[in-house]
Amino acid sequence: MSEGIGASVKRKEDKKFLTGKGKYTDDINRPGQVYAHFVRSDVAHANIKSINTKAASQAAGVVAVYIGEDVAADGIGGPICGWVVPNRDGSATHEPPHPLLAQGKVRFVGDAIAVVIAESVEQAKSASELVEVDYEELPAVANLETASSGAEIHEGMKENRYFDWELGDEAATDKALQSAAKVVKLSVRNNRLIPNAMEPRSALAEYDDLGGSYTLHTTSQNPHLARLILAAFMFQIPESKLRVIAPDVGGGFGSKIYVYIEEAVCIWSSKKINRPVKWTADRTQSFLTDAHGRDHINNVQLALDESNKIIGLRVDTVCNLGSYLSAFAVAVPTYLHGTLLSGLYDIPTIYTNVKGMATTTAPVDAYRGAGRPEATYLLERTMDAAAREVGMDQAEFRRLNFIPKDAFPYQTAVALQYDTGDYEPNLDKAMEMIDYKSFEARRSEASKRGKYRGIGVSSYIEACGLAPSAVAGALGGRVGGWESASVRVDPTGTVTVFSGAHSHGQGHATTFSQIVSERLGIPNANVEFVHGDSDKTPFGMGTYGSRSLAVGGVALSKALDKVVEKSKKIAAHLMEASAEDVEFKDGKFTVAGTDKETAFGDVALAAYVPHNYPLETLEPGLEETAFYDPMNFTYPAGTHIAEVEVDPATGVVEIVDWAACDDFGNLINPMIVEGQVHGGIAQGIGQALLENAHYDENGQLLTASYMDYCMPRADDLPSFKVECTNTPCTHNDLGVKGCGEAGAIASPPALINAIINALSPLGVSDMSMPATPETVWRAIQNAQARAAE
Amino acid sequence: MEIKESYDLPLPIETVWQALNDEGFLKNSIPGCEKLERISPNELSAEVKLKIGPMSTRFKGKVNLSDLNPPNGYTISGSGTGGIAGAASGSAKVFLSKMEDGEGTILSYQVKAEVKGKIAQLGSRLIHSTAKKLAKKFFSNFVQELSK
Amino acid sequence: MYSTKIVKAENSSAAVQAIGSSKEGKILAGGMTLIPTLKQRLANPDCLIDISSCGLEGVEDKGSSVRIGAMTKHAAVAESSSVAKAIPALADLAGGIGDRQVRNRGTLGGSVANNDPAACYPSAVMALDGTVHTNKRDISADDFFKGMFETALEEDEVIESVSFKKPEKACYMKFPNPASRYAMVGVFVAKFSDGVRVAVTGAGEEGVFRHSDLESALSSNFSEEAVSGVEVSSDGLMSDIHASADYRANLIGEMTKRAVSS
Amino acid sequence: MAEVSLKVNGKVENHEVGENTLLVDFIRETVGLTGTHVGCDTSQCGACVVHVDGVSVKACTMLAMQAEGSEVTTIEGIGSSEKLHPMQEAFHENHGLQCGFCTPGMVMSAIELVSKNKSPSEAEIRDGLEGNICRCTGYHNIVKSVQAGAEKMGG
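Quick note, the sequences are listed as chains A, B, C and D, same order.
Under our numbering, the first residue of the first sequence is numbered 33, with each subsequent residue one higher.
Under our numbering, the first residue of the second sequence is numbered 1415, with each subsequent residue one higher.
Under our numbering, the first residue of the third sequence is numbered 14, with each subsequent residue one higher.
Under our numbering, the first residue of the fourth sequence is numbered 38, with each subsequent residue one higher.
Hints were generated in silico from the structure; no laboratory data involved.
Ideal placement from N, C-alpha and C gives every residue a C-beta, glycine not left out.
Among the hints, erroneous ones may be present.
To be verified - Dumping the calculated DSS-like pairs for lysine-lysine here, alpha-carbon to alpha-carbon at most 27 angstroms: (1) B:Lys1547 with B:Lys1476; (2) B:Lys1449 with C:Lys98; (3) A:Lys483 with A:Lys44; (4) D:Lys181 with A:Lys47; (5) D:Lys155 with A:Lys47.
Unchecked claim - Pair ranges (Cβ atoms, derived): (6) A:Gly93 with D:Ser42: 24 to 32 angstroms; (7) B:Lys1474 with A:Ser245: 40 to 48 angstroms; (8) C:Ser233 with B:Ser1554: 49 to 57 angstroms; (9) A:Asp241 with B:Pro1445: 53 to 61 angstroms; (10) B:Asn1486 with C:Tyr15: 31 to 39 angstroms; (11) D:Lys155 with C:Ser247: 31 to 39 angstroms.
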């Protein structure tokens, strides 16, 4: 069986995880290490009148207790914002400071006030209880709807608004709405989620006083970026004096992109006390302090002409970004959301306004999909409502409005240019997979059993492979969008790949090896994959936004191009031929029209033992690095269809079938792609049916453990039917698009549309997320009450 | 959350009012109260041990009497911190009125409660029931004390 | 977890003695609720009295009742052939508590003594007209449960076993809280020759309770229709972020119907 | 402090630890086997599942002293990288893991599940894994893995 591109090769990384040999941050210990525990605010919003750490400092096992003033005295800055946008009036995004430890004020439950460092975790916890904090409580701002009139959270920030941004042509869009044959209006809420990677965040920092350098082991999706931000912006130390290692990382889903205050405090205190400092979150701390996701309210107006074609779309969004601006908090609801509002539809004019609000809740940032699930949700809910209102089949209404396949490249009304796509085959395939045409028979069969059966469609597009640097920069991004890879060919012909991307479940060791195996014709087993260590790999941007393969994989491909090119020169020398005549295939160099042949291994050896080698014209060695900056985003698209049965007596929704047909371009490893889709769908189902971060009116998080935050479990989910079509990406060497987020983007509206479809005979036309049993039951009760009137 | 209840007491309104202002009565009525000392006319310091199932936490805080309208009622509020468990506060608006027979008193109350920190994070399902239960216990203890 | 002392008791009187000589000792049965509470530092007992070696495990068929040792694990009850034969509904209930790891450690006595308002077992004890046998006395179910997390147990009292009367027919229907998997509403219906007992857990603000309207309706007519004829009130039912009192009231009716028709 | 003596993966472990030491901390910190993970505080995620005397338990909800004299088996004790346990093999072949954090607990639960039910149905598997949370896989391939593992184990 082939081990190259397109083969479902079993994962290389599995064995260590299956045998308990994985090394996650908390599994690592350093001699002399001490443990940090954070004293966190119990209140959502308060001025701190005083902090008394005296008793804590004297408690058993305590090494040090620090508060905000100690950090400030050393001039250590807080996490920075990685993306800003201009306001409608031309002013800039408000970027309030985010101190490592509170300075005079706390802004959410969980805000860190002090750190206690002790010989054991239990001692640190015990001493933390002795830290006395005297608060002057301020009103919490927990409700997004009323945040603008709430108490001032950040000094000088008006109406608790970080930014007020717009995109598109307002005048043209309003004109389209006025002239429309029909305007479909909908208000939807994208519920707030908590990412819940199974490995809680953890950091272990060590200071080397000989070299004046630091080593940080941390749960990061992008160790180089963490190093850059920590060294250059927070600590102002030479970047080369900080090594950041993200070893095995137990899931991220966005939540481990950012630099968090705990990592910085560990680094800082490791020098102060000159001992390694370790911190590992317990789950409740994760709930309180990991960046949350989603939390939008969207008001949508969709204009249709007489023939049910879309002629305009207006979306007004208010989103909750929490107490501090997390690194990509601004990008998520703006450029990762507003630019996706055309979906896969031909919409001549679009306008959107997004207001990013502060509240006294945890910071909100990217969570699997980041902005694109919110865009897809509001659009696909609206498409569903529109189809119902005009009396068209939901699938056919979409088909009517799809961008036709001969219209690519397609310039949307919201900045993006889709390079390629063909949307009908995905829709057709998904309909076939779920036997869409026989649905009504299944609906009536179910109704005989007293169940309401429904089917829901969601067609989505996403922009992946973030991002062309120049585009990102022009739009307010402060980081590059490229990725790096180095290929080191050893003298014996084995290969080590050093990647700037980071795998925390995605299986890069396998897929990246497949690319090498395909290109160099060597067995997969001869390829090692190194990532996650700023001392070992070239500078890289890490993994998020379904970018690893579409950007990092392409960087690898470019590095391999260089290896092949140089190898051909070496082979030409060995075979006494001209480099232009050398061909390379299946690990062998041949000279066209001759029987001359040399193996890849021989070339590698010659590169390092250059006894017979063109040293005058060619350096010895065989190691190449490439940095690849994409020309455009990639645009995976597809259709998911969910089929459900609702039990009217309890409101319980059972998912009876799920069909997904996605176009991810070329696939490197279909098995891994399917696994990504499964996981994404499960998170989307979680959002639609189960998960919700619930703050009470005082800003207390009531869902801070698995007792109350409803994680999808095995028995909540069905098995999924997953298939792919393929229109290769036109602007990268591998023709790949990215698959990590698609499931989470596509699935929530499919499911909610299916529930509405099930209950539509009762007159139900709206359903909020999560559609808990009680929510669904109430919708049925209300509909029945309306019918009885 | 708001909780309302009322009791009929076979005692004159003045007696009830006095008891409501007597720290001895209050101490015996507040569930789990281990210490209650007056620090000013309308302020008392308190230590309360709260047991809910396996959880057992000592809260230290204050009890305040406000909106005094003798003998028709007042607001009694308490707030305390329970260390690692977080903080809890609650207030009860107490209304006294003469029964129609002129002899007895109707005591009614409205309770508001709020919790912070770990108890909110981990015990949300129990907050309402517990607040209701504690309020009920307070007033039933109070009534019992009065009838002694 | 705060530091604490652990005492392994050989029998229940030793356990009681250990409690007496501690300041704030706690009985450690399966630990499924107690240990998570201790980990959160929400209790600080000076002493934990481990009663796993007190010989309190086992199932005994007593003819008209089944007596189960306090330290019998949920998994053992679920898998017990004598329980399955005598009161299959009880085996079903035990097999649906928590997850398999909870069932491998959690105990009948621990669940009953804790009387969590959302625990499954108390409903069985109540509906099956159970008797709680302690080191001191026998307490009938109706006298045992005293409201949320409260029981008739005294400081120096340890549950040794619980007896369940064999019904003609019984069924437990649980609607789990989707997050915690505790009962959001659990209804145990038991039909005896002299009437029907219906115990509801997960819903009442005062913990498990018997639903007298449903009992009398079902005692005269053991059918779904009889349940439909009862208006289940939401008074005294819990409201939380997962379910309102109204919805719980609806579930009580619905779970009762399902229990009756199963 | 108290002396705790138990067997971990067949080896006697005799250590003086605090009486409040959880079994999971004993395994991870005292014995140094870090394959058993901690993913929550409320005994729900199942990342810490090990076998104590043959039954699966959550090692975060048991004190080391409660396992005194017991035989504890962790993920490190069921197979090696040269010779995987059939269930480990099935997870590998069916892509039943992604980030790997929940995997040890998942595999330990699955082994016990199959030891009690030789050929479980999809519904029985989903039900039987109620105590193990995975955020990556959507469980689809975990279910397939357990089915395949059951067959390999001779179901």
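Now the hints, each set against the structure:
With a C-alpha separation of about 20 angstroms, the suggested pairing of Lys1547 (chain B) with Lys1476 (chain B) holds against the 27 angstroms cut-off. For the suggested pair Lys1449 (chain B) and Lys98 (chain C), the alpha carbons sit about 55 angstroms apart, so the restraint of at most 27 angstroms is broken. Distance hint between Lys483 (chain A) and Lys44 (chain A) is unfulfilled; the C-alpha atoms sit about 46 angstroms from each other, more than 27 angstroms. At roughly 18 angstroms between alpha-carbon atoms, Lys181 (chain D) and Lys47 (chain A) fall within 27 angstroms of each other, so this suggested pair holds.
About 25 angstroms separates the Cα atoms of Lys155 (chain D) and Lys47 (chain A), which keeps this hinted pair within 27 angstroms; it holds. Separated by about 26 angstroms at the C-beta atoms, Gly93 (chain A) and Ser42 (chain D) satisfy the suggested range of 24 to 32 angstroms. Between Lys1474 (chain B) and Ser245 (chain A) the C-beta distance comes to about 46 angstroms, which sits within the given range of 40 to 48 angstroms. Our hint of 49 to 57 angstroms for Ser233 (chain C) and Ser1554 (chain B) is violated, since their Cβ atoms are close to 36 angstroms apart.
Between Asp241 (chain A) and Pro1445 (chain B) the CB atoms are about 56 angstroms apart, so this pair conforms to the stated range of 53 to 61 angstroms. The hinted window of 31 to 39 angstroms between Asn1486 (chain B) and Tyr15 (chain C) is violated, with their beta carbons roughly 46 angstroms apart. Our hint of 31 to 39 angstroms for Lys155 (chain D) and Ser247 (chain C) is violated, since their Cβ atoms are close to 46 angstroms apart.
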